Each structure stands twice: as C-alpha cells, then as structure tokens.
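Colleague: We have chain A already, so just place chain B on it with the hints.
Sequence lines, in order, name chains A and B. Residue 75 in our numbering sits at position 75 of the first sequence, and the numbers go up by one each step. Position in the second sequence counted from 1, then plus 1000, gives you our numbering.
Heads up, some of the hints might be wrong.
Stated by the list, open to error - Straight line, CA to CA, 30 Å or less: simulated DSSO-like cross-link-like pairs of lysine-lysine:
id: 1; chain 1: A; residue 1: Lys155; chain 2: B; residue 2: Lys1155
id: 2; chain 1: B; residue 1: Lys1203; chain 2: A; residue 2: Lys184
id: 3; chain 1: A; residue 1: Lys135; chain 2: B; residue 2: Lys1135
id: 4; chain 1: B; residue 1: Lys1155; chain 2: A; residue 2: Lys184
id: 5; chain 1: A; residue 1: Lys203; chain 2: B; residue 2: Lys1184
Unchecked claim - Just some of the chain A residues that point at chain B, by a computed CB distance under 8 Å:
id: 6; residue: Asn7
id: 7; residue: Val86
id: 8; residue: Lys88
id: 9; residue: His169
Calculated from the structure, these hints are not laboratory results. No experiment lies behind these values; they were computed from the predicted model shown. In this text, a Cβ means the ideal position worked out from N, Cα and C, and glycines have one as well.
2 protein chains.
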Amino acid sequence: MLKFNPNTALALGARMRDHEWGIVITNLNAQILHQINVPITDGTPETAVKALKQGVATLKSQVGRQKILPAIGLGTPGLVDMHAGVIKTAVDVSWFDVPFREMVEASLGMKAFVTNRSKVGALAELWHGANQGIKELIYVSIGTGVAAGIIHEGKLFMGANSSAGELGHVTILPDGPLCPCGNKGCLQQLVSGVAIANRAREKLRQSDDTILHALIGTHPERITADVVFQAAEQGDSLAKEIIDETAMYLGIALANVVNLFNPELIVLGGPVGQKGEILLEPLQAEVRRRAMAYPLSATRIITTVLGPNAGTVGAATLVLQRASDLLFERT
Amino acid sequence: MLKFNPNTALALGARMRDHEWGIVITNLNAQILHQINVPITDGTPETAVKALKQGVATLKSQVGRQKILPAIGLGTPGLVDMHAGVIKTAVDVSWFDVPFREMVEASLGMKAFVTNRSKVGALAELWHGANQGIKELIYVSIGTGVAAGIIHEGKLFMGANSSAGELGHVTILPDGPLCPCGNKGCLQQLVSGVAIANRAREKLRQSDDTILHALIGTHPERITADVVFQAAEQGDSLAKEIIDETAMYLGIALANVVNLFNPELIVLGGPVGQKGEILLEPLQAEVRRRAMAYPLSATRIITTVLGPNAGTVGAATLVLQRASDLLFERT
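In isolation and in its complexed conformation, chain A is listed as follows (with noise of 0.2 Å):
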C-alpha cells in the first residue's frame, strides 16, 4: 500500500524577534523536527543574516539523510515589498529598504521568501492551528511590534504594495503618544510589551501597594511585560489595572477589525498576545462592548495554539507552499 510519508522532504523556516532568530526544520506536515534559537548580536542586518547562516548550519547538521528544500522562508519585522524582497521600513529595529532576500540568498546558498512575521504566523494559523475549514481568519501579534496577518477567502491578504495589516499603527488616540512612524496614539504605542513596562513604570512611582516593587526590587528598568503579567496573575491589582487598561485599548483595535473585516476567528499571538484568559477576559468584554452585534456574532476570539511557533512554522509553510516546485525543479 502506498502511504504520503510526509518525512521525505524537510524544509527550513526562520522568525525573527527581539534581535533573535527562531528557526525550525519541518517535514512536509509542518511539523517541527528540529529547532535552535540565535542571537543577533548588534540587530543590523549583515550580523541578521550572519546569525541566520549559522543557525541553519547548526540545524542542518542534525538532519540525517532527508533532503531538504533548497529555500529558507523568512518572517520579519516591518513592512515587507514581497515582490521585490525588501523590507521597506521597520521601525522596530531602524531597517530602511533593506534587499533583505538579496543578501539571505547570496549569504545561505538557497532561494529566500521574505514576509513579514505576522503574515506567516497568519499562514500557521490557518494550515497548522486548530482553525480547520476557516477562510476569513485574522492573525494579530503582539510583542515588541504589533500588527495582523488577514486570512480572506484562505489567502494573505496582501494589499496594492503588500502592506496590508498594519494594526499596531492605527489611531486609538487621536492625541495620544507620538509614534516613531509619525502619528500619535498608535496602537503600538499603548499595547506593546513596551508600553505595558511603561506604563508600569509610571504607575510604579504613585504607588507603594503591589508587589511589583517586591519582583524587581529598586529596578524600574527591569520591569517587563511579563513582569507585569505574572504580578496580575498573582492577583496584584495594580499590574491587574494595567493589564485592564491594555485590554482596553486592544479591545478598541478588535472591535473595529470585526466591524471593518467580519472574520470568523481572530488569533492572537506573539509575547503579548499569547499570555491567556488574564488578558483574554477583559479583552472580549471591550469587544463586545464597542463591535456590532451582527459582525461580531460570526467572530470568536482566541490565543494561538501554536505559541512561539506561530512564526517559525509559518515561515517554513512558504516553502512548504512551493514544495513540489523544488523538489523536481531541473538544476
């Protein structure tokens, strides 16, 4: 009997994050085999490619006799020319019209498809999550950046130049903090894990009852998103307030995503968006609150079910993608 063995061929993936790489070797299912993470020492993008060129070398070592697609999918940061491979602005790490495909596929030896890590998470969501026979499905990662990843129809909405999704810069305050991409009150600027710390911060110096001071002594610097979060699970009530306050202006962001998109599942994701119920709860109450009851009735909420691997995965699903092309393409 003839069976699809679905470890005849590898292929390799890479998300880029907080000046890290994770990279995966998958088999044809998506399933991760191997995995390793790099550091990027000084977050330009030769030492990015570096870093990357080693990764996979690490990882390729450990593979046996499989074959491996000869192409790396790659999810990164910022606004990503797809058709060109070059990523146009990513005020995250201060890119600026870099051939990032050009100098992965010089660097590696192998062909390179650069998208921008929330439209791969996106991907993940749909062909590896839980999300079966869903077509209109919206990714949204939340970390140091954020932006979605829209699903329609069973496929990445790209938009005229392929920067459809840019959710982290959409006004929520039309007077709020100034933005390094120019407007005020983005998204960004109030739900990322950066803005979660400072706002701790801030908060942190009116008020002695919590044990935040407790978790990171006399270090305001050390205060994290995740600092935060784990003070509100403990049931501390001003990090509490501050996850609320998060929620809130998340809430606002979705409520207008269900009423402009009508999707059926929005996926968060990424270091923020993955943290559960204690954001969850909150956050589905200022959705409903704020979305019409008609759109909103064919949408549900959720935290991704692939975690950190949301990125990962869906960059090797861009190979995966062009599997049968690469294995029988003439060389």
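Modeller: Same frame as chain A, but now just chain B:
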C-alpha cells in the same frame, strides 16, 4: 459585421437613501437610460416596497419594446445577510431582521438581489467609474450613514456573514458621543450629515460672526450639512472650521483604512463625501499625517465620478453580473 449591442436588454437598479428611492434602468453597459426618484413616506419596509413597486412601474412605462431583465438590484442601508436577503439591522431607519428580498420579490414579481448600498457603490466605481484596472478599491459613502464597500482582487469583500465594511462604526474617540449601535465615538457620530449639522448648531450658539445666521435666519432647525458646505465655500470661517474638523475625523478613519487594507484607491461618495476639494484637501492632509508612508505611497483618494448615481448604477450591476443567466433562463 456583428457588434455587441448594449441595448438588447436593460437592467433595473434601486438605491434607498434618506427615505427616498433612486431607481434607474440601465443598458448592458450600465449606462442610465431612465431614472426616477420616489419618496418613501413613512420609512417602514412595507411603504418602501410599495414606493419601489410604483417607481418601477413608472420607469417601465417609459421603455419601448426593449427587454427588461426580470430582476432588480437593491442597495439598501444597514447590515444585509446577502445569502438570505435579510436586512439584519439598519439603525438609521430602525429596521431589524426585515426579509426584504422576499417582500420585494412577492410585490414586484421578479427576482431581487439585496446588498448594502455602499457595497453596490463600490461595484459601480469598480465597473463603471474612471478606475479601469484597479483591483483594490474602497468606496466610502458618507451621508446619513457612513459605510465602506471594499473591493479586493476585483471582488466585493464580504466577510463571514457579509457585514464587512462598517466603517461608520469604527471608534475614533473612545469617550466620544454615544452611537445607536451601543459604541462610543463612532465615526458616523462625527462626520455624517446629521453630525455636521449638529456641530454647526452647537457653534452657532457661541458665535455671531458667521453667514450661517443669514442663511438660516432664526431657524437653527434648518441647518443641514449642505448649508454648512455652502457657507464654507463662501469663505465663512466658522463653517470652514466645522468642515476641517469633519475632515480630521474622517482622516483618522481613512489613515486606518490605508494601514489595514493598503488600497490603490479610496473613492468618497454619498451626499457629504462627494462635496469635493473643500473636504478632500484637509482630509488628504490629515491622512498624510497619520497613515504609514509605504502603504500610503500606493493609495490615491478621490471623489466619486458617478456622483449620486454610484448607488443606483451599482445596484443595477447586481443584475448585470447575472445578465446571461437571466436572459437564457428557462421559464
């Protein structure tokens, strides 16, 4: 020589707005041959159907021996379940769960296709505007209500239950005025014709230095958006201030649309949207201040070239899309 004759069959389309039907008969090229406006006296669904029937009869009597396709396309207010032909919720006219397709088909004795009026407006701009070759287009209709019709890859973006595009209910001011939808600070509460008139009324109480007083006499109830635009065109600074505020709020929403959908073209229509430069110029300035530069580089914002006919022509398009089925259907 054989040549396509666009007048071999005709299509019926009707758009409902502000207690009035605009009804047209077009040829197969969607050129309007006959048109009529019919008031809907008390604004109930039953009266609306009666007025529609009467208007269609009048129009048909103007047609000679040409074949009229046995169907009518309808652009209505509100959230429409296109599959069932039910108007789920139309806040402006207080219609809820109205089986409108069924009612029209029973009364007019022909097939009916029911869609939100902004969605049919988008179809009209795509098919019959000056926008050949455009695949990513967003039509924004601003009048009593505010909504968007989204074209993606040349097709209407419907969403999970055909309610995508509710731009009028995105949150612009989180603590802004209460909207009948239950949310606070909805775009519609800030830029609709009613909102513009209300803001003018408010400012009029505090200022004598405006020609608005001369235009309306001692009758503040006579202020409409049209009067405000008229005063602004004549250089009245108070009226200009109101239009600029309107442009600012609308600019926040359209910058979000640019960041989320990355369209090639945004077309403004509806009684307020089609006012032209006096609104468009401050609006474009606000969008430039707020939208991300890269997606914005792909976007133009213009005023409808179809004017008040966008809705009616788009409604007829619903029939024209099915013309061959309707012409060759067995009866």
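Colleague: Which numbered hints turn out to be false for this structure?
Modeller: Hints 4, 6 and 7 not satisfied by this model.
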